[in-house]
Structure formats: structure tokens, C-alpha cells
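Asker: In the order they appear, the protein sequences are chains A and B. Residues 1 to 354 (this note's numbering) make up the first sequence, in order. Residues 1 to 98 (this note's numbering) make up the second sequence, in order.
In short, the hints are calculated from the structure, not lab data. Built from N, CA and C at the ideal position, the CB exists for glycine as well. Watch out, some of these pointers could steer you wrong.
Stated by the list, open to error - In silico lysine-lysine, DSS-like type, Cα no more than 25 Å apart, as pairs:
#1 Lys77(B) <-> Lys4(B)
#2 Lys289(A) <-> Lys77(B)
#3 Lys298(A) <-> Lys77(B)
What the hints assert, rightly or not - Per the computed footprint, the stretches of chain B lying under chain A, defined by three or more beta-carbons under 8 Å from a beta-carbon of chain A, are:
#4 10-17
#5 63-75
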Amino acid sequence: MYIRAGAGLSEDASALGELTQGRSEQGKGRPERMHTMKKSLWTESLTGTEPIGRSLLGCIGNTALLRLERLGRNYPNAEFHGKAEWLNPGGSVKDRPALEMIRDAERTGRLQPGQTILDATSGNTGIAYAMIAAASGYHVKLCLPASASEERKQILAAYGAELVITPGDEGSDGAIIRAREIIAAEPGKYFYPDQYSNPANWRAHYKTTANEIWEQSGGRLTHFVAGLGTSGTFVGTTRRLKELNPAIRCVSLQPDAAFHGLEGWKHMPSAMVPDIYDATLADASLTVKTEDAYRLVKRAAREEGLLLSPSAAAALDGCFQVAASLQPGEQAVFVTIFPDSGTKYLSERFWDEV
Amino acid sequence: MAVKVLIPTPLRQFTGKQESIECGARTVGEALGDLTANFAELRKHLYTDEGEIRSFVNVYLNDKDIRFLDKENTRTKDGDTISIVPSIAGGSPNSTND
Ligand SMILES: Cc1ncc(COP(=O)(O)O)c(C=O)c1O
Numbered sequence: 001m002y003i004r005a006g007a008g009l010s011e012d013a014s015a016l017g018e019l020t021q022g023r024s025e026q027g028k029g030r031p032e033r034m035h036t037m038k039k040s041l042w043t044e045s046l047t048g049t050e051p052i053g054r055s056l057l058g059c060i061g062n063t064a065l066l067r068l069e070r071l072g073r074n075y076p077n078a079e080f081h082g083k084a085e086w087l088n089p090g091g092s093v094k095d096r097p098a099l100e101m102i103r104d105a106e107r108t109g110r111l112q113p114g115q116t117i118l119d120a121t122s123g124n125t126g127i128a129y130a131m132i133a134a135a136s137g138y139h140v141k142l143c144l145p146a147s148a149s150e151e152r153k154q155i156l157a158a159y160g161a162e163l164v165i166t167p168g169d170e171g172s173d174g175a176i177i178r179a180r181e182i183i184a185a186e187p188g189k190y191f192y193p194d195q196y197s198n199p200a201n202w203r204a205h206y207k208t209t210a211n212e213i214w215e216q217s218g219g220r221l222t223h224f225v226a227g228l229g230t231s232g233t234f235v236g237t238t239r240r241l242k243e244l245n246p247a248i249r250c251v252s253l254q255p256d257a258a259f260h261g262l263e264g265w266k267h268m269p270s271a272m273v274p275d276i277y278d279a280t281l282a283d284a285s286l287t288v289k290t291e292d293a294y295r296l297v298k299r300a301a302r303e304e305g306l307l308l309s310p311s312a313a314a315a316l317d318g319c320f321q322v323a324a325s326l327q328p329g330e331q332a333v334f335v336t337i338f339p340d341s342g343t344k345y346l347s348e349r350f351w352d353e354v
Numbered sequence: 001m002a003v004k005v006l007i008p009t010p011l012r013q014f015t016g017k018q019e020s021i022e023c024g025a026r027t028v029g030e031a032l033g034d035l036t037a038n039f040a041e042l043r044k045h046l047y048t049d050e051g052e053i054r055s056f057v058n059v060y061l062n063d064k065d066i067r068f069l070d071k072e073n074t075r076t077k078d079g080d081t082i083s084i085v086p087s088i089a090g091g092s093p094n095s096t097n098d
């Protein structure tokens, strides 16, 4: 797609749409290639009139599916893979739903030029909105708990987002409540994507993440494992994968307690449950302890060269838990999502302590 | 000496929904000791089995991170406020850079 002609504002949207096409042949053998070169390298761009390079937002999605070489060696019957979502231009998986929610709102007229995008976010979604808005000419206002890291706030500010800081001890729920108050006071001024209730959040994963996984694994995956935050990743990816092959086991993960250090994850029994969450989708639901994820962050960096975030390592921990419960002789191909890398978590104490 | 400990939302289920607890203490460590003596279920959420404060649990005395003060030995005075904030990515309880 890097040589696609006619690059323009809608290129990113067509990139999302493109992935949904040609999916009727399912299950058997290798699925067809997602992106075929539309013209040969030689017939294009040598005329000197075509734009070269790619649009920033066109680079969202199509992340690498990484194969673990060493960390999973205790489970010889299993192969482990993770989508390297930090390769999105905003640095996290959240570029996908943010782009889909914004484009969906433009299509349906809920986002008009001159309006401000306002939402509550613990960080990654905010970074995605801020980046996409800067690239598309919108203003962004974000409510986030003070407990979000300085690194995150600085990234948001760098993109020109306006920040409303809510008390750290109220967590993401406090930020959601504040965002709703701001909207209620001046409804016409804002577009509120409301990632916790917006179906475009999970649809982004239904349209892109799931089909990429299917494609990149040659349809071989047996297990899909992902953590729950807004639940968009798990809900959207699972819905599509189950259509492609209902036998794929889909396992959702949560922190082991209401009080935890897994950025991006929610403990559903004690938190405000997102509207888009569908508890009936998962074949199994497991929990991960924060310290176990921290230890795996350090191992993945040293043994695999992978600098994972705590939630990415927690997702991998979930895969290992499932692998430990496989039947003797059962072969498994795991795919999980690595929502972001460890770079935004370097000031955490666990690097020295755990 | 009375200090106020602010309880983060996810832990209020263990303090009978109370948002803050008054503790008698001369240091931050004593205040948290007093707190977890009165609300035993809090203990495993705040401390490791070895008795260390868990690495994602950030403790602030009047908005200063105690890891940059005297850690749990940081002295408290009457009217001080201690906050417990889960590090969802290493933050502070207010918007200032400290
Ligand atoms: C670091 C991180 N991990 C996991 C998630 C969870 O993804 P989802 O909201 O799609 O459930 C998020 C979402 O904000 C995140 O930022």
C-alpha cells in the first residue's frame, strides 16, 4: 500500500475498509493476501506527479505479528505470537479505535469541522486522538487521572491537546465522570467519542485487528488471548475470529484485584462496566497479578529483546496460563495483543524492585 | 498525632466505603501500619508477603512522593495528608511535576 496512488485524506479509512474485503473464503489453507500492489513499481511514480511517501494515518494497523523465540520454551506444544501494536504511529493499539470512532463520527455527521474532540482516557486513547486530531485539524480536550504518567501528559501536550486532570485516587472512573459533566454543560461544542460505549471502538478491531491476525497466522491460530480495558480489542477481535473459525478459543484477561498496576486494564467486577463489553463472548476468563506481569516485562526485554508494557506482558502471562492447562499432546497456536511497548513505563519502580 | 490517609476508590470496599481514615502516627510507615491493623484486608493489597510496599503502590505525603523523601520513615505532623495512588504508569496525585 506504500505505492498506492491517489493518497489523500481518506486513505486511512480505505485502509480500514480494505481489510474487510475478500473474506468469504475462510478456514482452508492460506487466506488471500490483504494488500496487493495495485500497479507495478515501474508504471507509477516515475512520472513525477504522484505524491510519494505514505500518509501518517495510513500507517495505522497492519502491525507485525511477532513470534516468541525463547520465552515460551517451557511449553513445547505451544507457539506464542503477539501483535506489536506499538508500531502504530501513535505508539499503541488505540490508534485503531480512535481512527474508526473519528471517521465514523465524520461519516454520520456527529463530528463537524471546528468541534472539539473530548473524552476520558488513561493515556493511550488520548495520545491516539491527539495525534489523529493534529493530523486532521481538530482540537482535543482530554480528562485524565493525575495518576497517568508524566511521560504521557507530555506526549499529549506535545500534540497540542488540552488536559483536564482529575484526582488520581478516583482512577479512570473519575475521568469519565468529569468528561460527562463537561459535555453536559456545553453539549454542542464537543464530539464525545465515549470509547466505553461507542461500537466503532470494537468495530475497528472487527474490521482490522482480527483479519490481520487471521491473515498473518495463515488461519492456524487456536487461541486468542487479550486483556480487557474498554474491552474493544477483545470484543471486536473475538467476534470476527469466531466468524472465521468458531473453534478458536478466545480468552479474556483481567487484573486479579480491583487495586492493580496494569495500565489499560479494568477489573470488571468492581469497575464501571463498559457498555460495549459482552461477557458472553469469552470461552474462558483468567486473571493476572500485577507483579507477575512486571517480572515478565523484565524477562521479555532481556531474553527476547522485546520491551513490553505491563499490560502486554500480562497478556503474555495469560497465554502461558492457558498453555499450562493444555491437554497432553494438544498443540496450540496462541495470538495475543501487545497494546504498547515499555517505553512509557520506564519511571515505574518495578524495574528496580520486582 | 493525627494524619489523614486518603483511600483510593478500588480499596474503599475494604474500609467500609470510607474515603479517608484518621490514623495516629509519627511516620508514614506507622500510619499505614495503623491503617492495615484496623482494616486487615487492605494489607495484602498494599504490601508484599515480605512486608514491602508493592511496586505499583505510590504513597504521597501532602503530594510529595515518599520515595523522594525518607520512604516509610518519612516523619509526619498533625494535619498531614497521606495518599495512596496505584501507579497506573508512575504518576503523582496532583497535576504538578514533583
Ligand atoms: C496499555 C493498554 N493495554 C490494554 C488496553 C485495553 O484495550 P481495550 O480498551 O481495547 O480493552 C488499553 C486500552 O486503553 C491500553 O492502553
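Asker: Please work out if lysine 298(A) and lysine 77(B) have their alpha carbons no farther apart than 25 Å.
Answerer: violated, 39 Å
Asker: Against the 25 Å threshold, does the CA-CA distance of lysine 77(B) and lysine 4(B) hold or violate the hint?
Answerer: Distance ~10 Å between lysine 77(B) and lysine 4(B) Cα, so the pair holds.
Asker: Taking 8 Å as the Cβ threshold, is the statement that the segment 63-75 of chain B is covered by chain A upheld or broken by the three-residue rule?
Answerer: violated (count 1)
Asker: Taking beta carbons only, do three or more residues of the segment 10-17 of chain B come closer than 8 Å to chain A?
Answerer: Holds, because 3 residues of the segment 10-17 of chain B bring their Cβ atoms closer than 8 Å to Cβ atoms of chain A.
Asker: Decide if the proposed pair is consistent with the structure: lysine 289(A) and lysine 77(B), CA atoms, cutoff 25 Å inclusive.
Answerer: Outside the cut-off at roughly 35 Å; violated.
In summary, the numbered hints that this structure violates are 2, 3 and 5.
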